[in-house]
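Number of protein chains: 2
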Amino acid sequence: MSQKIHTVAIIGCGVIGMSWACLFLAKGLKVIITDPVEGTEQRFKEYLDDAWPTLELQLGSIDQQQAKNYEFVDDIAPRLGSVDFIQENGPENVEFKQNLFKILDQHARSDIVIASSSSGLPSSVFIGKCEHQPDRILIGHPFNPPHLIPLVEVVPHVGTSSVAVSTALAFYRSLGKIPVLVRKEVPGFVANRLQAAINAEAYSLISRGVISAEDLDKAVTSGPGLRWAVTGPIVTNALGGGGGADGFSTRLERLGPAIRGWEDDMHKHRFDWSEEMLSVLKADVAEYLATVEWTQLTRQRDSVLLQVLRSKSQTRED
Amino acid sequence: MSQKIHTVAIIGCGVIGMSWACLFLAKGLKVIITDPVEGTEQRFKEYLDDAWPTLELQLGSIDQQQAKNYEFVDDIAPRLGSVDFIQENGPENVEFKQNLFKILDQHARSDIVIASSSSGLPSSVFIGKCEHQPDRILIGHPFNPPHLIPLVEVVPHVGTSSVAVSTALAFYRSLGKIPVLVRKEVPGFVANRLQAAINAEAYSLISRGVISAEDLDKAVTSGPGLRWAVTGPIVTNALGGGGGADGFSTRLERLGPAIRGWEDDMHKHRFDWSEEMLSVLKADVAEYLATVEWTQLTRQRDSVLLQVLRSKSQTRED
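So the protein lines, in turn, are chains A and B. Under numbering that gives the first Met the number 0, the residue at position 229 of the first sequence is numbered 228, and the numbers go up by one with no gaps. Under numbering that gives the first Met the number 0, the residue at position 5 of the second sequence is numbered 4, and the numbers go up by one with no gaps.
It is possible that part of the hints are untrue.
Same chains, same names: a pair is fine if it fits in one copy or spans any two.
Stated by the list, open to error - As a list, the in silico DSS-like pairs of lysine-lysine whose alpha-carbon atoms are at most 27 Å apart: (1) K183 to K267; (2) K183 to K281; (3) K67 to K44; (4) K3 to K26; (5) K183 to K101.
The hints are simulated quantities; they were obtained by calculation from the structure and are not laboratory data.
Work the whole structure out from these sequences, hints included.
Written as structure tokens, this is what we have:
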């Protein structure tokens, strides 16, 4: 497959597509964009103006000319011959994607990867009409917003070629992203499942009156959440067991019985989405959210996020 | 209850007790420490020397005299008359704690709170021999290390007085800690349950071969983990639903069916602690942990942690 990627196609330029396009431009790529929705080009211009300073804070100064290196087209098909990578961001609708991927597969060069940003649909459900090379199609699921959050989940279907997988991983890495390989198509992939796991227990604790919604959030942001930006669950466990290669097993042996007790209790009180539990949850959450200063909060989040990203890349380079 | 706390007793000065003592000293309190294990005083001196610069990075310059304002005693009982708050950090053993709390309850002044750092035992199981005022006993469970991580879970037993709860909350807040109230004694309290929820799904995904242990950690530290230091699960959900007081409900309505599908699949593939799943998990984790640069990693974690804490307190004060 082509290892040199100069031109990327953005198919669908909503919230996710716009953010991908900004990152591609900041990294010096040419971007060809298509989206049938009226006013998209103007919305993208505004989004780009807003995102550019954040990208400069993250990446250092960028040649301003790069911000202009994009083009909106009505019909992408005749342009696909000059495209080295496709990032699709259309609606999460099986039939829509089946028809779209039939066209992309028909017109894309044989040596490129076609990646879908889909968070919900695995690619196996929408490649049915691809008659040429469905083996270069895979999921490249970003975390919102892609121009800021490094994670990309690369999820092949059973027929995706290993070279398509390695090309996608290498491409995302070259952009400074942190791709992970999800080897099997599972519902929610990985990051959304991990979030769902913590959310389900949070909903249960709040709806059972164990803790208020406000204190639940504090328990994360002032406790375990402070570490998860740097050490993931496995390394955090290992450090809890004294660190080193044996730390993980040590902790499992020492705390295993207690943890299984917690798990059984969590399972017994699992959030069941009943009207009763939902109404307690929603009422408590509404009371909390009414007190949140949203502007200040998102400003604080973005500022801390940028500092963490810079601090992580600095300490990595030490 | 006494609102003025000048002198704190540390009962049990292992890893948790030492860290609490450092924080109390840095905040200008007098600390009386007791621990039957030989060599504890010397170990504490070394721990304090090591922790002090980190505390200064976090809190600004501190009067060096404060670091000397502690005293080790063999028998705490005759000294409890001058103590305004007790933080107990003994072994997690029911009988041991029952006997210890009998003594603390007998000798402590009637107007003070007796808090236990216990992470596993709720206080209801060890107050059985307290004949005076078990209503001032509660759990004040810190997150390790307490001198750095702000979270404290305050967990009353059914007989704890509301004034003891509010005194403990106010005291921890006065130290710059972020206490949360866990209204009912549930196994694992809150933060450990939330961690167990994410860990269980992580173990399942790794043991099923969906993702490598290394990529699992990356999926957290480069994705959702970046946000959990600033926005907890509930506010993160609300922002995902467009923000504002309605964001949470909007997201639940839009994504609820998908989330329930993920939950059902997670439940179906629940990590079962069988030898088979454990051995795959441990093997994959061992391979990953063998590649970790532990010194660099913990240095990076501490550096990022301090930056996040400072950045959060700065933006809070804006």
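Identical-chain pair category, K183 with K101, by Cα at 27 Å:
within (23 Å within a copy, 56 Å between copies)
For the identical chains here, do K3 and K26 meet the 27 Å Cα criterion within one copy, between copies, both, or neither?
within (13 Å within a copy, 58 Å between copies)
First find the shortest C-alpha distance between K67 and K44 inside one copy, then the shortest across copies, and answer within, between, both or neither for a cut-off of 27 Å.
Within. Shortest intra-copy distance 10 Å satisfies the 27 Å Cα cut-off; inter-copy 61 Å does not.
Is the C-alpha distance from K183 to K281 at most 27 Å within one copy, between copies, in both cases, or in neither?
between (34 Å within a copy, 20 Å between copies)
Copy assignment of K183 with K267, given that the CA separation must stay at most 27 Å:
So K183 and K267 pass the 27 Å test across copies only (16 Å; inside, 29 Å).
The structure meets every hint from the earlier list without exception.
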